[in-house]
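Please work from the sequences and hints to get the whole structure.
Protein chains in written order, with the numbering used here: chain H, 1 to 226; chain L, 1001 to 1496; chain B, 2001 to 2590; chain P, 3001 to 3501.
These are calculated hints, taken from the structure and not from any lab test.
Nothing here was measured: the structure is a model prediction, and the numbers come from that model.
Hints should not be assumed to be uniformly reliable.
Stated by the list, open to error - Every beta carbon over 10 Å from chain L, so not counted as near; a handful from chain P, in silico:
| hint | residue |
| --- | --- |
| 1 | T3034 |
| 2 | I3044 |
| 3 | L3143 |
| 4 | G3230 |
| 5 | I3287 |
| 6 | Q3407 |
| 7 | T3422 |
| 8 | L3480 |
Stated by the list, open to error - If you want the footprint, here are the derived chain H segments under chain B, 3+ residues with CB under 8 Å:
| hint | region |
| --- | --- |
| 9 | 106 to 118 |
| 10 | 142 to 150 |
For each residue, glycine too, the CB sits at the ideal point set by N, CA and C.
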Amino acid sequence: MIASIDVVEVALALCLTGTALVCLFDRHLLRACRFFVAFAIAMALAWWQLGAIWLASAELLLGAVLTGLCCFYALGHVGSSGSSVLAHDHFSEPWTRIAMRVVLALVWFVMVAVAIGYVLTDMQHSPAEHPLLLAGVVIAASAMASFALHRHLLRRLLAFNLLGSGVFMLLAGVAGTTPTAQVLISVGLLVAALGSMLGVLLIRQLLHLQGVNALDHDSGPKESAT
Amino acid sequence: MIWRFGLFDSTFTPLATTHWALLTVLCLPLLMGLLAALFPPKRAWPVLLASAPIVAAGLMLLFAFNDAGLLRWQWAVADIQLSLRLNGLSVLLLLTTQWIGVAAALYTPGYLRLSDPGPMARWLWPLMGTLISALSLMWLATDLLTLYVALELMGLAAVGMLLLSGKAAALKAGMRYLLLALVGSLTYLLGVALILGHWGRLDLQGLAEIIEPGPVAWFAAALVGAGLALKAALFPLHAWLSPVHENAWTPVSALHAGLVIKASLFMLVLLWSILLPDAFYAPRVIAWLGMLAIVWGGLLAWRTDSLKTLVASSTVAQLGYLMVIFPLLLGADVAPLPRALAWEGFWLQLMGHAFAKAAMFMAAGNLILATGESTLKGLAGTSRRLPLSLLVFGIASITLMGLPPSAGFTAKWLLFEAMIITQQWWAVAALLVGTLLTAAYIFRMFRYSFDESAPRQRYQPLAPGMDLIALTLALAAFALGLFAHYPLGLMHGGGV
Amino acid sequence: MMTLLLALSLLWPLCVAGCSAWHAYRTPSSRRDYFSLLWVSAAWPALLLAYGGEAQWTIDAWMLGGEWALNSLSRPWLAFTALLWSLAAVHARGYFAAEHKQAQAGDQDVQRRLQRLSLLWPMTLLGNVLLVVAQDIASFYLGFALMTFAAYALVVHTGTQEARLGARVYLILAVVGEGLILAGFLWAAGEADTLTLQGVREGILIAEQGAWMAALLCLGFGVKAGVIGLHVWLPLAHPVAPAPASAVLSGVMIKAGLLGWISVLPLGHDEVPGALAQFGHVMLIAGLAAAFAAALYGVFQRHPKAVLAYSSISQMGMMTALVAMGLVAPDVWPLLWPGLVLFAAHHALAKGSLFMGTSISEHLPRWPLPLVWALMALPGISLAGAIGAGMISKWGVKSPLYEMHHESLIKLLSWAAVGTAALVSVALWRQWQQREQGGSNPWQWGAWLAGIMAALVTPLWLPLPAGSIEMAPLKEWLGIIWPFPAGVVLAVLGWLLTRPFKGKSPPAGDLWWLYAFIANAALVPIRLIGHACGKIKAASVAAAQSMEKRFMVYLSRGLAGESWLRHHSSGLMMVLAAVLAALLMWEGQG
Amino acid sequence: MTAEWLPITALAIALLVTGIIFVLPEESHRLRTTINLLAAVTNIVLVTLMVRRVAAGYEDIFSFQVVGGVDFVLRTDALGVMFAGLSSLLWLCTTIYAIGYLEGSANRKRFFGFFSLCVASTIGIALADNLFTFLIFYEMLTLSTYPLVVHRGTEQALNAGRIYLRYTLTAGVVLLLGAVLLYSLTGDQSFSSEAGLGDYLNDNRGLLTLIFALLVGGFAVKAAMVPLHGWLPRAMVAPAPVSALLHAVAVVKAGAFGILRVVYDLYGIELSVELGVITALAVAASITIIYGSLRAIAQEELKPRLAFSTISQVSYVILGIGLFGPFGTIGALAHLLHQGLMKVTLFFCAGNYAEELGIHRIDEMDGAGKRMPLTSIAFTIGALGMIGLPPFAGFITKWYLGIGAIQAEMYWVVAVLVISSTLNAMYFLPIVHRLWFRLGPSHGKGSWPDEQRLGRFETHGWLLLPMVFTALVSLAAGLLAGLPFSPLDWATRVANGEYLL
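In structure tokens:
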């Protein structure tokens, strides 16, 4: 690591964080998906920047193209005739839930940050030297929290994807881009992509069967029965 | 603690034949699954034929282990060292996996024929194969990477299998499971990232040697623990479990409840005993949650109206038993004797539960299939018409209740001894309460089935062997309890 | 040979009962003979056995180990027992002739009653025989219980209201008595670690609490023997029982109690401890009290059989007193016991004849009335000691007492005999009042006459040890005879004096009514407590149920939390991770 | 010469029959009957063999290791063989009876299957040589009786089954706790070990007492000691053969037998006395005896009355244990057998009355003696035996108990015995009275509640035969108690072993 602040990395980190946050918290899902694609491209760039060409290409293929396509497919913009039911998140969460998730996000942020601080002892002194790592922490914590917060299935799927990216980023950040780490990340990417595909198929199927876009009260009567 | 997992160098290099056996064990299920997807079997005998080599390979590994003790295979691919090892525990879990897998596979043709499964049915076979392979890999893995791969493979296969029934409820439950499972693995990965970042290696044996208690180990343990707890449906993260089981096909439920969630638990114990060899509170938190799980799961099962929910909720409670043992397995302050007892009890309980739960799901599936009703009330009068299915259910539930002569009882006996020696009275109380609650919900179900006042209805006849397969599994749980000395001795064999 | 005879005498009644039962199911009712010759013969082997000589048997396989013997005591006892049973059986054949006809004519009720009687009569007999020959506790107790419970059928035979009452009183007291006997036997046998009556006797003698054991046993047997306070079943059961049944009840069955005493009490032993002697005194007083009180109460009874029952109580009182002498003055016992046995035997036959006589007076044969009454009076006079065997038995008792200088007791006994005489005369008078003509059966009066004869010549046939009984010297005759005329005179005087008062006669069974009242009064609070307990239980059950219901409501509400858990799984996972991390950090740092 | 196959074969036969019955189709009645009877007879032969070997001084042991430090052991000792003999004898009787009783009814396969399982458990209980093995069969018994209790499937039966399980499973849990505590303290203790637990007395007095309380408390539920008796009267809804077996051997006796094992073979009498638990046991038993009798008097139906009588009578066994001394022990052991014989007779009779005449209430029994003489005679024998009148079996045990009480200087026990005998008379004699002395439908007064003509005799022959047999045996057990190999003789043999006389 170089001592001075790498401008490119900072820019990338800022770009990643910004796109991720928009993607996570925009209720307009088409826009969010676009931002997700942008995030994935930024992610690929970041991998490139870190010197992991293989990962960059994988991210580009799996993350940006495949997952992006999946998202648009879920929204009905690719393939079958679209329906706008999913395009906007209408759920309004009670403020307690939001507050709890914010607190949890903060806690996780602190936790992950502290943990990384222990792993990379030099970071404690100059946190700004690892902008990508920081971005990873922020993304992971906020994605985790928004995964816990949202009910809209597509948003949760997006949150999961962002969480994955954040975790990979952290992994690369703390462990470097050793072969082992690369293999781990590739497996993770593959799984994320597969999961996303499966998830999107499910979303479509659910929408088709029942017109639902969240997992509310699916087995409510079972529980309330005495 | 670590030697119990077989994380040390072996005395003998494995023979060439064991390589082939290993290959068979790991790959043949997958291949056979794919084959079955192309030519879906309509009867049980092709399945039997296909599974014979797999089981034979498993037994071969058992004999090899018996002869040579710990077996270890190593390869280097690129810069990455890959290694697999087979110790007593692995053998046991491997055999358990194979037998339950084979039983589920044998059960499947009859089930599919009777239950009108739709076009997705053929995909069950490759997924099942993948699942078995992934599980087998997991028991043998010695590094975090392989574990991760096996975990993900298993998770995705499991989700896929659960979705196959195609009902909306199943899809919903599957969607939830998918999301949570993926997030759980990511959390696990986060923990692995910390480990990799700090120590720079992923092989368990090496990690076990160099890890010392410190903040990184703790954070990693917390993250890994939380992620795996979610996947293992440990209380209070269990709530996704029962809808999943309720809507899945019977053999799928059997495999899932018997094996899949156990795999996550296995990893949890394995990693924690490396990361937290002498923590005090973390295992206790799990134990306290386990006590709650026992009560909560028991109450859920007690009050439910649906047979499958009953079985699924009982899984939650049974996992509670396993959680309660954590303070005895981990932590520095446990004397060798209670630790050994707890260790044996833990795995015996796990295996016994696997067999019994699989049998129970099959029996429940048979009942539901035959009566066409999935509620408890729909069971009225079944004792007259479906005595064998009920008997299987009963035998399986004896294991769950922990009554003799089942594996559940023997395990409970060992656990009690361990807990009494270490004076963990709360845990003792939890186990006792669990027994009673289990009895409460089991016999609530039997009460319905013995009701003779219900109107007679038509029952669909079951395919031959469906009951017998379940019975075999249930009796296996009995045999495991009565002759526990041998398998438990196997667990010692690799180590001392 | 003796063994064969013993087996026969025990098995024969059983066979008879079996035959009776067999006939009940196999012979049509019109041809059924309830009182066949076979039935009548039930007691004959036992009678033969009594004259077969002394013998002993030990049978290990029998219950706790059988010890049976015919010795100087049990031989005469068996003799008079079996004789009276035989006579009563013969009498019964005549007595039930009318009912028999009814039964053959198809009256089901009568059939049932006769069936029952003919079945249980031999069983009662069997018990009686067994208890006489038994020398071990179990057999004795078996015989006693068998006799007691089988006799229930004899008492309840007629099935009337009074009969049922009498039978119930009989049964209740019998059960109480059995309980007391069992307790006494257990105690004594347990202390002495024995299984024989001999052992019990010795055990009581040396045991610290011997007097209490003796008391328990005596009270237990006293129920049968009609000891005062426990005698109440006699006047209630006797009048209602058929005459032959009354005869055996009063004649031999109450003697079983006496035999019980003799068997278990260490009578005539050299070193009777103080407490036991004390107990002897109590028993003596109780016996004398019974002798007098029964006479006083009995003379006011209306029913002749009730009067006779009181007379039995009175007589048994005397015998009680004599038995007690075995404890109070042990040295007199060796001389006294043959007299006592003779007394008992004579009383058995005489009382049996008197009871049989009551059936004669109810079905008078076409004989001159004075003759009949004279015959009827004979056993009574003898009982009072004025003639025949009565005199000899009196003397047999008196002379040892004289020898050992117990004159005061002799006086008291003589006065008690006055009571006996009065009772007998009242009984005869009542019979005269309630006499009825008609149809005495030869079997009936034959047995009666035989009984009278046997009673009068008791010493001649009773197999007592040689020389133990002798005729009273002439100078003593007056001393023996005087109570009879005195009694008769007293009775007449009494009748004349009380005639102006037209009061009701006191109820038979005297103390029973008090007992019943007390028991009922005691039951009231018990019932109340029972009801209260039941209410408390019902209330607690109701409370528990409502609690359960409420709990279930809470529970199902609580279990709805499952869906909350489901929706917050991921959040909870985050919490869990954070908590685990925090805990580990805290623990690691701390 | 060893014959370790003997105990396991006896057990295996019963288990095998269970399996066969479950496999056979419901309709093959004849085959099932044959197998059942064959197995029952074989078992009697085997037990006879055991008796002979034990009498000759051999003990056969079969064992294997379950887990480290815990073995599965079957052993033929005198006490076990005694109980096994009772089980196999009454198995035959109740099987015959059940065949007649259930003729033409549904679910017979299930019934006989669990019935055999029940008996297998009982044999296992009898021959178990350590607490672990004992517990295995004890719980097996609990579970296998449940289907029998709820056999009729009515609401009432199902509720009874639930209550039965509530009691017995809770007891099982308590028992398990006690057993594990004991194992963790002392390791695997064979019932045959001479040592007893005396070595642990000094350091662990409190713990030993606690374990004793747990174990005995657990067993007391099955033995239906007050206040843990609530399940028994309710379980009366079961069919008559089940009630008979439940009351005579299987369940209540298993509890009593467990207490016997704990006191005599596990703790040893000296230690039990030393701990002071023996007297407590005697007091509890006495309370049960009196309470059971009092409640029995208040019952107006036949089977509940018999049930409360059982509660009272089984505690005689416990009382006998509570009397420190050979006589008490002999009484307890002999009563184990005697009560079984008598109670089974009574329940057979109750079943016959219910089947043939539809009689359930006591006031319906008037004059039944005429209609069903053999049944009524058997009932009378059983009832008089229960009261403790000679020459029936009940007298023998009462006698020994009384002697034992005196020798232990517990005089109040004699009072308890006498009072209970009186109370027994109070609730049994009225029934006997009604049978024989009251006028009833057979005398043309009214009619029976539900009269059937089940057979050539007074009722079905299969129902009659076992009843007459057990009645005769219980008569003979009292009348010829002095014979070798009579219950009393065998009990004496066992007691001599326990007290090393």
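Index of numbered hints that the structure contradicts, given in increasing order: Hint 3 is the one this structure does not satisfy, whereas the remaining hints hold.
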